[in-house]
Amino acid sequence: MIGPEFPAVLGAAARGDEEAFGRLWHDLQPRLLRYFMVAVPTAAEDLASETWLAVVRGLDRFRGNEPAFRAWVFTIARHEVLDWRRRAARRVTEAVTMNGLPEQAAPDDPAAAALEDLSTRAALAVVATLPPDQAEAIVLRVVAGLGVDQVAGIMGKRPGTVRVLTHRGLRRLAERLGADRIWGVV
Amino acid sequence: MDADDASPAEMRRRPDPHADPLALDEETAERLLAGQLSPAQAPPRYAEVAALLAAAAAPPTPEELAGKAAALAELRAVTHAHAAIPRRAARPAQRRRVGLVAAVVAGALVTGGVAGAATGHLPGPVRDAARSILSTVGGAEPATPVTSGPASTPRASTPGSAGAGQGPASTGATGRGPGTTGAAAAANPNLEKLCRAYLAGEGAEQGGKLDAAAFEALARAAGGKERISTYCETVQPKESKPKKHQQPAPPDDPGPGQGPGGPSPSSSGDNNGQGDPQADRP
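Chains as they are written, first to last, in the working numbering: chain A, 1 to 186; chain B, 1 to 282.
Wrong hints could be hidden among the right ones.
What the hints assert, rightly or not - Each pair of labels, with its calculated beta carbon distance range:
no.: 1; chain 1: B; residue 1: S38; chain 2: A; residue 2: G156; range: 52 to 58 Å
no.: 2; chain 1: B; residue 1: P59; chain 2: A; residue 2: D17; range: 22 to 28 Å
no.: 3; chain 1: A; residue 1: S119; chain 2: B; residue 2: A70; range: 45 to 51 Å
no.: 4; chain 1: B; residue 1: A19; chain 2: A; residue 2: P4; range: 46 to 52 Å
no.: 5; chain 1: B; residue 1: S229; chain 2: A; residue 2: E5; range: 35 to 41 Å
no.: 6; chain 1: B; residue 1: D25; chain 2: A; residue 2: R91; range: 22 to 28 Å
no.: 7; chain 1: B; residue 1: K68; chain 2: A; residue 2: G160; range: 53 to 59 Å
no.: 8; chain 1: B; residue 1: A19; chain 2: A; residue 2: N65; range: 22 to 28 Å
no.: 9; chain 1: B; residue 1: L72; chain 2: A; residue 2: M1; range: 33 to 39 Å
no.: 10; chain 1: B; residue 1: R31; chain 2: A; residue 2: D17; range: 25 to 31 Å
To be verified - Residues of chain B placed beyond 12 Å of chain A at every Cβ, according to the derived structure:
no.: 11; residue: Q41
no.: 12; residue: A66
no.: 13; residue: A77
Hints are computed from structural coordinates only; laboratory data are not their basis. From a predicted model like this one, the values you see are computed outputs, not experimental measurements. Virtual Cβ for every residue (Gly too), placed ideally from N, Cα, C.
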């Protein structure tokens, strides 16, 4: 979060002020990378880069406060993911399965890996083992720091649906991690 | 219809830990998501989940912030490209590619400390800068000036006006430019982007796909325009080859058009009723 200075920072960034833009980037780039790590781990860096290109181009036309800005950036990010998947679907020569994308990134036993060494990357790999909608809703809430309504807007779902998705995701994570504990994996 | 809508009731049920050890009420779920519950504070079966979410939302790592210089360069490039290549950038189907090409060209503009590119011709210092950057990669002949007009044919070079001995970056107006030593470091990402743009248009008439000046720059780096494909195969990182740029930009470019029409202060400002519980998180 940038806080009270946000309007000034946004305005300066829109005028091409690099330091101001750097602050926006510093605040959101790690969150974007983590979002993409869950959604399309093989292209996280690229999609983040594409997202910033779109942000830069639209910066001077954006109006809104910091939460709205963050939601806007993640709306663009989500479009990048959807575009990427559409293109992936067209690349028939490549053995990329649409639905298998998040799972592909997971290490052999991500849950165990995450609890041994709670690195962010490992934690995201565990989240990525959830059904895609649940994983996305949780990442947008937890990593992007967005509220239920914002996530609902970004995902094109109702707030109640987002609550259900995150709730189910949390449960499933608890099941998964608890099972590992019970079976002595951790 | 969204099947998920069927059961918000599962959250409203009063949790009965005896019947369901994983029961989670909505408030606890909310606090978990907001990072307000440490593993010790979380319900017993959710301690690991709390730890997991905390790791997912941990402060940024240096690795994640490593791309800042490149991002700023991109900002610089796009900002300048707005002024330099307005007509072409305005064509939606080409926006993505032009952005990449413009990034390279405008990057050279900044490096050379030249602001007035509105004529559509690359000024001499820019050509020199481009040549210097490219010559560090090898294959180029530094003595021959890069062609000027974007609209001219790639090989229609205009020697004489270039002042071939002129240094490219010098210190620039800002002192922030990469300078001659930084030029080498900047070369590969730039060429990589050019190659991406080039490969995106492969199979079509290249002159129509790449800005002529950028194409010429690429040809010089490759040692001839017929060798660009081969050259780009080597410049492109393996994993980035099958990327998006082989496909046309989608019609629903989420870029500027998305802007103010999307989330607005009234629709998504402070209406989540929770403020920002994660203000101190990354």
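Tested hints:
no.: 1; hint: B/S38 with A/G156: 52 to 58 Å; result: violated (33 Å)
no.: 2; hint: B/P59 with A/D17: 22 to 28 Å; result: holds (25 Å)
no.: 3; hint: A/S119 with B/A70: 45 to 51 Å; result: violated (24 Å)
no.: 4; hint: B/A19 with A/P4: 46 to 52 Å; result: holds (48 Å)
no.: 5; hint: B/S229 with A/E5: 35 to 41 Å; result: violated (48 Å)
no.: 6; hint: B/D25 with A/R91: 22 to 28 Å; result: violated (44 Å)
no.: 7; hint: B/K68 with A/G160: 53 to 59 Å; result: violated (39 Å)
no.: 8; hint: B/A19 with A/N65: 22 to 28 Å; result: violated (44 Å)
no.: 9; hint: B/L72 with A/M1: 33 to 39 Å; result: violated (21 Å)
no.: 10; hint: B/R31 with A/D17: 25 to 31 Å; result: violated (38 Å)
no.: 11; hint: Q41; result: holds (15 Å)
no.: 12; hint: A66; result: violated (10 Å)
no.: 13; hint: A77; result: violated (9 Å)
Checked against the numbered hints given earlier, this structure breaks hints 1, 3, 5, 6, 7, 8, 9, 10, 12, 13; the rest are met.
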